[in-house]
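So the sequence lines, in the order shown, correspond to chains A and B. Its first residue numbered 179, the first sequence is counted upward by one per residue in this note's numbering. Its first residue numbered 24, the second sequence is counted upward by one per residue in this note's numbering.
There's no promise every hint is true.
As the list claims (entries may be wrong) - Reference listing, derived: stretches of chain B covered by chain A, where coverage requires no fewer than 3 residues with Cβ under 8 Å from a Cβ of chain A:
#1 26–36
#2 53–59
#3 316–326
#4 336–348
Stated by the list, open to error - Distance ranges between label pairs, derived from CB positions:
#5 A:ILE295 x B:GLU409: 29 to 39 Å
#6 A:LEU323 x B:ARG445: 44 to 54 Å
#7 A:PHE276 x B:GLU409: 36 to 46 Å
#8 A:PHE276 x B:ASP160: 53 to 63 Å
#9 B:ILE46 x A:TRP198: 58 to 68 Å
#10 A:ARG202 x B:ALA301: 55 to 65 Å
#11 B:ARG302 x A:PHE276: 54 to 64 Å
Stated by the list, open to error - Derived contacts from chain A toward chain B, CB cut-off under 8 Å, selection only:
#12 GLY197
#13 PHE235
#14 ALA253
#15 LEU254
#16 SER296
#17 GLY297
#18 GLU306
#19 PHE307
#20 VAL308
#21 ILE311
The hints are simulated quantities; they were obtained by calculation from the structure and are not laboratory data. Ideal Cβ positions, reconstructed from N, Cα and C, are used throughout, including at glycine.
For reference, the chains in residue letters:
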Amino acid sequence: MIAVFVWIFVAPLLVVADGWLAERLPWRIDLAAVFVMVAALELRSRSLPMVVLALAFARSVLCGGGVAAQFLALALPVALARPLRVVFDEHAWVLRAFLAPALVAVVPRALEIFAGISGHAVATPRVEFVDLIVAVVTLPPMAWLLARLPPLSVLSLRRRRRRSG
Amino acid sequence: MPLWAAMLCALLLLTQPNLARRIETAIAPWVCLPLRGLVALAPVPAAATSAIASGRESSASHRVALARDAEPGANLRSSLGDSLVLAVLDRRSNRNGFLDELILDVRRDALPHAMGHVTFGDSLVGFLSPRAVEADDPLAGLARVELLGYRSRYRMPRRVPAQIVMGDEAPLAMLVEPSGSIDRWPLRCALLDDPYRAAQLAAGGQSAYTSGLREDPLGVLPAGLGLGTLRVFGYRNEGGRVLPIDLLIEPSHDPRTLDAVCVWFATAPDAPAAGTRARRVPVRLRRLPVPVPNARRFLATVATERAALVAGAPVLDGDRLLGVCTEVGERFAVVTEFGSLGESWHLRWWARADSEQQEGASVAIRAHAIARDRDRVVFELESPLELSSQAEVFTCARSPSLPAGLWLGTARRLSALQFELRHPGLVDRDDLAVRVLEVLR
Numbered sequence: 179m180i181a182v183f184v185w186i187f188v189a190p191l192l193v194v195a196d197g198w199l200a201e202r203l204p205w206r207i208d209l210a211a212v213f214v215m216v217a218a219l220e221l222r223s224r225s226l227p228m229v230v231l232a233l234a235f236a237r238s239v240l241c242g243g244g245v246a247a248q249f250l251a252l253a254l255p256v257a258l259a260r261p262l263r264v265v266f267d268e269h270a271w272v273l274r275a276f277l278a279p280a281l282v283a284v285v286p287r288a289l290e291i292f293a294g295i296s297g298h299a300v301a302t303p304r305v306e307f308v309d310l311i312v313a314v315v316t317l318p319p320m321a322w323l324l325a326r327l328p329p330l331s332v333l334s335l336r337r338r339r340r341r342s343g
Numbered sequence: 024m025p026l027w028a029a030m031l032c033a034l035l036l037l038t039q040p041n042l043a044r045r046i047e048t049a050i051a052p053w054v055c056l057p058l059r060g061l062v063a064l065a066p067v068p069a070a071a072t073s074a075i076a077s078g079r080e081s082s083a084s085h086r087v088a089l090a091r092d093a094e095p096g097a098n099l100r101s102s103l104g105d106s107l108v109l110a111v112l113d114r115r116s117n118r119n120g121f122l123d124e125l126i127l128d129v130r131r132d133a134l135p136h137a138m139g140h141v142t143f144g145d146s147l148v149g150f151l152s153p154r155a156v157e158a159d160d161p162l163a164g165l166a167r168v169e170l171l172g173y174r175s176r177y178r179m180p181r182r183v184p185a186q187i188v189m190g191d192e193a194p195l196a197m198l199v200e201p202s203g204s205i206d207r208w209p210l211r212c213a214l215l216d217d218p219y220r221a222a223q224l225a226a227g228g229q230s231a232y233t234s235g236l237r238e239d240p241l242g243v244l245p246a247g248l249g250l251g252t253l254r255v256f257g258y259r260n261e262g263g264r265v266l267p268i269d270l271l272i273e274p275s276h277d278p279r280t281l282d283a284v285c286v287w288f289a290t291a292p293d294a295p296a297a298g299t300r301a302r303r304v305p306v307r308l309r310r311l312p313v314p315v316p317n318a319r320r321f322l323a324t325v326a327t328e329r330a331a332l333v334a335g336a337p338v339l340d341g342d343r344l345l346g347v348c349t350e351v352g353e354r355f356a357v358v359t360e361f362g363s364l365g366e367s368w369h370l371r372w373w374a375r376a377d378s379e380q381q382e383g384a385s386v387a388i389r390a391h392a393i394a395r396d397r398d399r400v401v402f403e404l405e406s407p408l409e410l411s412s413q414a415e416v417f418t419c420a421r422s423p424s425l426p427a428g429l430w431l432g433t434a435r436r437l438s439a440l441q442f443e444l445r446h447p448g449l450v451d452r453d454d455l456a457v458r459v460l461e462v463l464r
C-alpha cells in the first residue's frame with residue numbers, strides 16, 4: 179500500500195522524464211510503453227488498477243485526453259499482454275523484444291481512440307518504423323530497470339515469489 | 024481480474040465526462056505536488072520584455088468595437104428604448120448539451136427596471152431571467168439570459184410571436200418556441216396562421232422576425248427583431264420537392280460567439296457596476312517537458328500571496344493572453360500555451376485598415392493552430408470566411424475566467440482558410456499574472 183502511495187507521486191515525474199527524453203533524443207523511447215511492459219509482466223494483479231490509475235492521472239493532467247481514456251489506453255495493452263506469461267517465460271528477452279514494438283504502436287493509437295470517444299482532443303506522437311526498431315533494443319532493458327527500482331520493485335511478482343519461496 | 028473490473032468502470036466513466044472532470048479536478052493537486060518540487064530546482068530565467076503597452080491600446084479599441092457590434096441599427100434603436108451593452112461571462116448548456124443560457128457580468132439586482140428582451144445587433148437573443156444565478160454556483164447573483172431555445176422544467180417555454188417574409192406575398196405569422204432535443208436547430212415554428220401556405224415552403228432560407236403581437240400576455244416585445252433563418256425538415260419526393268414535417272429556425276448568431284449583449288430599459292438607466300472584479304495574481308512560470316508533440320505545458324506557482332487559481336483562468340502579459348490554466352491546485356496550476364497545435368479556439372478578428380473591409384469591423388471566427396515556429400502561429404479556419412488582410416485578434420469568451428477582449432496579437436491572412444498570428448508564446452518567466460474573476464458580494 180505504501181509503495182502504491184509512493185508511486186502516485188513518482189508517476190508524474192515519469193511523465194516529465196518521458197517528455198525530457200522525447201525532447202533530447204533523435205528517436206523516441208516511450209516510457210508509457212515501458213511501464214505497460216512492466217505492469218503486464220512483472221507486477222502483481224491486485225496492485226495493477228491503482229498503479230495504472232496513478233500513471234493515468236499524471237498523464238491526464240500533463241498530456242490531456244481525460245483520465246478514463248488514459249487509463250484504458252494503458253490498461254488495455256496490460257490486460258492483453260498479461261496472459262502471455264502463461265505461455266512464455268515472463269523474463270524471456272525474446273518475448274519482451276517482440277512485445278516492445280507492439281506496445282509502442284498500440285498505446286498512442288488506443289489513447290487516440292478512447293479520447294475520441296470521450297470527446298477530448300489529444301495529440302499523440304507519430305510512430306515511425308525507426309521507433310519500432312529502437313523499441314526492440316531499448317524497451318526490454320528499461321523495463322528491467324524500472325521493475326527493479328522502488329516503488330514498483332516492491333509490487334513485483336519476483337519479490338513475492340522470493341518471500342514465499 | 025481487478026484490472027478488467029477497473030477497465031469496465033473506466034469505460035463507463037468515458038460516457039460521463041462531467042463526473043470524470045470532477046474526479047480529475049479533485050486529484051490534480053496531488054499529481055502536481057511532486058512537480059512543484061521539481062520546478063523549484065529550475066534556474067531563474069533572464070528578464071523578458073513585456074507586451075503591456077501595445078496590448079492595452081489594442082484592447083481598448085477592441086472593447087469599443089465589441090460594444091458597436093452588440094448595439095442594433097438606427098432603424099430599430101428608436102423603437103427599443105435605452106440600452107446597456109453588457110459583457111457575457113459564461114455560457115451554460117442544458118442536459119442535452121444545447122447551449123441555452125448566458126451569464127452576464129452584472130448582478131441581477133442591479134437591473135431592477137430592465138425589460139425582458141435581450142438583443143445582439145438587430146437580433147433577439149433571449150430574455151433576461153427574473154432569477155439570478157443560484158447560490159451554490161461560483162457566479163451566484165449574476166444576471167442570466169435565457170436564450171430562445173431555453174426550456175424550464177417548471178414552466179411553459181417562452182413563445183415568440185414571429186413572421187416569415189415571403190417575397191411579395193403577405194408574411195406568414197406563427198409562434199417560435201424551443202424545439203425538441205432531437206431537432207437539429209434549437210427553435211421551431213408552431214401555430215402557423217396559414218398551414219396551407221406553410222406546406223408550400225419547399226426550401227428554407229427565409230428570414231424570421233418578431234411580429235410584435237399586441238397585448239402579448241408574456242410581455243411587450245418590439246417588432247422587427249431578427250430571430251434567424253427558416254429551415255425546412257421533411258420528406259423529399261421523387262421530383263426533389265420537400266413535403267415539410269417541421270419548420271425550424273436557425274438562430275442568427277451562434278451563442279458561443281457572443282461576447283456582449285444589449286439589455287433594454289424603458290427609461291435611461293444608470294450604468295450598473297460590473298458584477299465581477301478581476302484580480303491579477305503574480306505567478307512564476309516554469310516549463311514542464313511532456314511527451315505531447317508540439318504542445319508545451321508550464322507549471323505556474325503563485326509567487327507572493329496565498330491565492331487560489333481557477334481552471335480556465337488566463338495567463339497574461341499586460342492585456343495579452345499567453346496561456347490558460349488547465350489543472351489547478353492551492354497556489355499552483357498547470358498552464359497550456361495558447362496556440363497548441365490541434366486545439367480549436369474561438370477568436371475575434373478585428374480588421375485593421377484594409378481596402379476590402381472597413382477599419383474596426385469585427386468577425387467571430389473559430390480556428391485551430393496547424394503550425395508554430397517561435398512567435399509565429401499558423402491557424403486554419405474551421406469554415407471559410409471573408410476576412411481582411413490584417414487584423415488584431417482577440418479572445419471570444421468561453422469560460423467564466425476568460426473574458427472577451429484579451430489581446431492575442433497581430434494577424435495576417437495567408438489564404439482563404441489560413442492566417443498567421445504573431446504571438447510570443449510562453450517561456451520561463453517570473454513577471455506574468457493570472458487573471459482571476461471574483462463575484463462581488
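Going through the hints against the structure:
1. Counting residues of the segment 26–36 of chain B whose C-beta sits closer than 8 Å to any C-beta of chain A gives 8, which meets the bar of three, so the coverage hint holds.
2. For the segment 53–59 of chain B, the proposed coverage by chain A is satisfied: 6 residues have a C-beta within less than 8 Å of a C-beta in that chain, meeting the threshold of three.
3. Coverage of the segment 316–326 of chain B by chain A holds in this model, with 4 residues showing a Cβ closer than 8 Å to a Cβ of that chain against a need of three.
4. With 0 residues bearing a CB less than 8 Å from a CB of chain A, the segment 336–348 of chain B misses the requirement of three and the coverage assertion fails.
5. Checking the proposed 29 to 39 Å range against A:ILE295 and B:GLU409 shows it holds: the Cβ atoms sit about 36 Å from each other.
6. Separation of A:LEU323 from B:ARG445 is about 45 Å and conforms to the stated range, judged on CB atoms against 44 to 54 Å.
7. A hinted range of 36 to 46 Å is violated for the C-beta pair A:PHE276 and B:GLU409, which are about 56 Å apart.
8. Between A:PHE276 and B:ASP160 the C-beta distance comes to about 54 Å, which sits within the given range of 53 to 63 Å.
9. Evaluation of the 58 to 68 Å hint for B:ILE46 and A:TRP198 yields a failure: the beta carbon distance comes to about 28 Å.
10. The hinted window of 55 to 65 Å between A:ARG202 and B:ALA301 is violated, with their beta carbons roughly 40 Å apart.
11. Between B:ARG302 and A:PHE276 the Cβ separation comes to about 57 Å, which falls inside the hinted range of 54 to 64 Å.
12. Because the smallest distance between the Cβ of A:GLY197 and any Cβ of chain B comes to about 3 Å, under 8 Å, the interface hint for this residue holds.
13. For A:PHE235, the interface hint holds, the least distance from its beta-carbon to any beta-carbon of chain B being 5 Å, beneath 8 Å.
14. Nearest Cβ of chain B to the Cβ of A:ALA253: about 5 Å, under the 8 Å cut. The hint holds.
15. Because the closest C-beta pair between A:LEU254 and chain B is about 7 Å apart, less than 8 Å, the hint holds.
16. About 5 Å separates the beta-carbon of A:SER296 from the nearest beta-carbon of chain B, less than 8 Å, and the hint is met.
17. Nearest Cβ of chain B to the Cβ of A:GLY297: about 6 Å, under the 8 Å cut. The hint holds.
18. The interface hint given for A:GLU306 is broken, as the beta carbon of that residue sits about 12 Å from the closest beta carbon of chain B, more than 8 Å.
19. Hint status for A:PHE307 relative to chain B: violated, with the closest Cβ pair at about 17 Å, above 8 Å.
20. Hint on A:VAL308 is violated. Least Cβ distance to chain B is approximately 16 Å, over the 8 Å limit.
21. Look at A:ILE311: its Cβ only gets to about 19 Å from chain B, farther than 8 Å, so that hint breaks.
Comparing the model with each earlier hint shows violations of hints 4, 7, 9, 10, 18, 19, 20, 21; every other hint is respected.
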